[in-house]
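For chain P, the structure is supplied; the task is to place chain A on it using the hints.
So the protein sequences, as listed, match chains P and A.
Just so we're aligned, residue 4 is where the first sequence starts under my numbering, counting upward by one.
Just so we're aligned, residue 26 is where the second sequence starts under my numbering, counting upward by one.
Some hints here could point you the wrong way.
To give an idea of the chain P side of the interface with chain A (calculated C-beta under 8 angstroms), a few residues [unchecked claim]:
{"hint": "1", "residue": "Val46"}
{"hint": "2", "residue": "Arg54"}
{"hint": "3", "residue": "Gly57"}
{"hint": "4", "residue": "Val64"}
{"hint": "5", "residue": "Pro66"}
{"hint": "6", "residue": "Val69"}
{"hint": "7", "residue": "Gly255"}
{"hint": "8", "residue": "Val256"}
{"hint": "9", "residue": "Gly259"}
{"hint": "10", "residue": "Phe263"}
{"hint": "11", "residue": "Ala265"}
{"hint": "12", "residue": "Ala266"}
{"hint": "13", "residue": "Ala269"}
{"hint": "14", "residue": "Val272"}
{"hint": "15", "residue": "Gly277"}
Sample of chain A residues lacking proximity to chain P, with all beta carbon distances greater than 12 angstroms (derived) [as the list claims (entries may be wrong)]:
{"hint": "16", "residue": "Ala73"}
{"hint": "17", "residue": "Asp158"}
{"hint": "18", "residue": "Asp164"}
So the derived label-pair ranges between C-beta atoms look like this [claimed, not checked]:
{"hint": "19", "chain 1": "P", "residue 1": "Ser58", "chain 2": "A", "residue 2": "Ala73", "range": "54 to 62 angstroms"}
{"hint": "20", "chain 1": "P", "residue 1": "Pro217", "chain 2": "A", "residue 2": "Val41", "range": "53 to 61 angstroms"}
{"hint": "21", "chain 1": "P", "residue 1": "Ala224", "chain 2": "A", "residue 2": "Asn248", "range": "30 to 38 angstroms"}
To be clear, the hints were calculated from the coordinates, so they are not data collected in a lab.
Quick reminder that beta carbons are idealized off the backbone N, C-alpha and C, glycines included.
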Amino acid sequence: MKTLHVAADLLREATARKWFLGLGVAITALLLGLVGGLRLDVVDGALAATRLFGSVLQASVRPADVALRPVFIAASYLISYGGMAFGLLACSDFAPALLSPGRIEHLLSLPVRRWELLGGTFLGVLTLGLIGSLYGAGGLLVILGAKTGVWNWHPLLAAVLAVVGFGTVYSGMLLSAVLVRSAAVSAACGALLLFAGTLAGYRTAILASMREGPGRWAFAAWSGLMPSLSTLADAAANLAAARPVGVGQLGGVLAGCGLFSAAALALAVWHFEGKDF
Amino acid sequence: MKPRRRRFFWLLAALVLLVLAALVKRACSGPEASSRPPPEFPRSMRPAESQRMTEREVLPPGPRPGRHRDPVLSAVSAPDAGTALVFEASALRHSPVGQLLLDCLTSTAGQDGGESPLDDIRRLGVDPLQDLDRVAVGDDTVVVSGDFSRVQWDSAFGAASVEQYGDTGQIRSFGTQQDGGASPVLATWGNQLVLIAPTQEAARATLDRIEGRSPTGQLLGDNQAYGDVYGVLSGAALGQMLGPADSPLAAQFEGAARSVELHLDATRDVELVATVSGDDPAQLGDLGRALGGGLAAARARAVLTGDTSAAELLEYAQVVPGSEKFRLEMAVPFEVLKSMLAFCGGRPQFDAGR
Chain P
4 MKTLHVAADL
14 LREATARKWF
24 LGLGVAITAL
34 LLGLVGGLRL
44 DVVDGALAAT
54 RLFGSVLQAS
64 VRPADVALRP
74 VFIAASYLIS
84 YGGMAFGLLA
94 CSDFAPALLS
104 PGRIEHLLSL
114 PVRRWELLGG
124 TFLGVLTLGL
134 IGSLYGAGGL
144 LVILGAKTGV
154 WNWHPLLAAV
164 LAVVGFGTVY
174 SGMLLSAVLV
184 RSAAVSAACG
194 ALLLFAGTLA
204 GYRTAILASM
214 REGPGRWAFA
224 AWSGLMPSLS
234 TLADAAANLA
244 AARPVGVGQL
254 GGVLAGCGLF
264 SAAALALAVW
274 HFEGKDF
Chain A
26 MKPRRRRFFW
36 LLAALVLLVL
46 AALVKRACSG
56 PEASSRPPPE
66 FPRSMRPAES
76 QRMTEREVLP
86 PGPRPGRHRD
96 PVLSAVSAPD
106 AGTALVFEAS
116 ALRHSPVGQL
126 LLDCLTSTAG
136 QDGGESPLDD
146 IRRLGVDPLQ
156 DLDRVAVGDD
166 TVVVSGDFSR
176 VQWDSAFGAA
186 SVEQYGDTGQ
196 IRSFGTQQDG
206 GASPVLATWG
216 NQLVLIAPTQ
226 EAARATLDRI
236 EGRSPTGQLL
246 GDNQAYGDVY
256 GVLSGAALGQ
266 MLGPADSPLA
276 AQFEGAARSV
286 ELHLDATRDV
296 ELVATVSGDD
306 PAQLGDLGRA
316 LGGGLAAARA
326 RAVLTGDTSA
336 AELLEYAQVV
346 PGSEKFRLEM
356 AVPFEVLKSM
366 LAFCGGRPQF
376 DAGR
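Okay, chain P solo, but in the shape it has when bound (with noise of 0.2 angstroms):
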């Protein structure tokens, strides 16, 4: 109870951050743009024309679902990627703001748990991820059903595996502010785990392209313990666009992303356990 305490608190200190009231807006600036400027033809389920701002996209026939494919996956991608990039930016000074000198020892002195803090903050951050990816991709899906009749409803949980990619980013982020209190530390430990995480969802492929070797053995090693991100982001994009997902598969990267967090915020735990402050 007292996490969520501490999670809402951190949502009251987002809504006061320019940051995050700029991405509001721009997340509305582009569904009002995609309301006001954007024209789909559709004749008995079929997509016949699309015009943006006037400009013909796409004059093909074809069912309306299959043609906004590809809108479902860039904004699946958008979400994904591009959710995790400003959200190593925008929450990269949240943790160090929190273990600040005054701030961590008024805060020490009310009842409530060191793992609880840093729980609490961890939600918070997840549930304002989860709030910006929702937003935009529910709107998406608002305006295109509305103007299209189609009604997908999958961008939804593209958003939410999007937000666990996220949560698994800022788990590391989360530690790197434990062990250094630093924002410019933080973000570059989120970058370097977005990054690595990347890496490790073309596992495979990379090490087939590589020769035997200690490089090739220490990739091998190091991209078996980093989270699929890219795969998640994969799949939260074929989840979009209504394509069959390998549902072992996915269960296994989400699993994999989990006890990565896990284990992040346990040994930011670990050591938050034993600093005095």
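Relative to chain P, chain A alone:
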């Protein structure tokens, strides 16, 4: 729990979770699911087809306007022809779909305990699986190319008369039919071409075009000879194929489409590209939208009723509009055809490799 022990618990939990994450990743990585490659629609001639076309040219090169150098295209390209359709029999026979159909044919014959229909043809001296190259259909002519060197035409068909014509042509007539009408005539050109024409005059005209003595029409040009099935149909002919004359789609086709150019590729899946031309852009646009809407509605119905095969079949369908024509593209996945032919009972021996 003492603070020191509690701290140790978090470290232990972190290590266990990290190991678990690696194990889960290892267990679920396996072979990555390969996504279906997108269909390769036959929209233009590919290098292998260009080489195939060149190898089939029999007339000497040079500036001979209005003449095909490929004998099969010459045969079906009468100056006033409205329909010419060519089936690449050899390519189709070696395609996954062709093999599937063949397996189906042989297994059905095997179940009946009788002979395969192919055996009847083999008795004539032609092995359809080895000797046939192409089958072409014109307005009133059917042309088959391949190796017919072992066929004893006279003993096999018992012609009433045989006429030598041109350089290597022979025309066999079979008298009159029971209703008094003339029987179709059978003509051969060397050992590589057999054609069935309605009259001796039509057969002579065809042989004249093949040997370059008279000009051919330009209904189906050399540069249009790509795909495993290709050709041009008149809008009326296609309308008749699509349904009874009073059906709305057939009527719309007959009214709007002047001609339809078809290209079908069966190299992997079955991909069809049909370019519909017409004189009235408004009517043509309506027809394109109606076709696109019909395909989308059929796909939506298939999705709603859980007919995944049909939904997949219509997945790649689209209509691409242009000026005075539009292009219809459709793909039928190999797996769909395989499941459609599952009734054969026999186990298809061929796998497309997926």
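Hints and how they fare:
no.: 1; hint: Val46; in the structure: holds (4 angstroms)
no.: 2; hint: Arg54; in the structure: violated (14 angstroms)
no.: 3; hint: Gly57; in the structure: violated (18 angstroms)
no.: 4; hint: Val64; in the structure: holds (3 angstroms)
no.: 5; hint: Pro66; in the structure: holds (4 angstroms)
no.: 6; hint: Val69; in the structure: holds (6 angstroms)
no.: 7; hint: Gly255; in the structure: holds (2 angstroms)
no.: 8; hint: Val256; in the structure: holds (7 angstroms)
no.: 9; hint: Gly259; in the structure: holds (4 angstroms)
no.: 10; hint: Phe263; in the structure: holds (4 angstroms)
no.: 11; hint: Ala265; in the structure: holds (5 angstroms)
no.: 12; hint: Ala266; in the structure: holds (4 angstroms)
no.: 13; hint: Ala269; in the structure: holds (4 angstroms)
no.: 14; hint: Val272; in the structure: holds (5 angstroms)
no.: 15; hint: Gly277; in the structure: holds (6 angstroms)
no.: 16; hint: Ala73; in the structure: holds (27 angstroms)
no.: 17; hint: Asp158; in the structure: holds (35 angstroms)
no.: 18; hint: Asp164; in the structure: holds (31 angstroms)
no.: 19; hint: Ser58(P) to Ala73(A): 54 to 62 angstroms; in the structure: violated (38 angstroms)
no.: 20; hint: Pro217(P) to Val41(A): 53 to 61 angstroms; in the structure: violated (28 angstroms)
no.: 21; hint: Ala224(P) to Asn248(A): 30 to 38 angstroms; in the structure: violated (56 angstroms)
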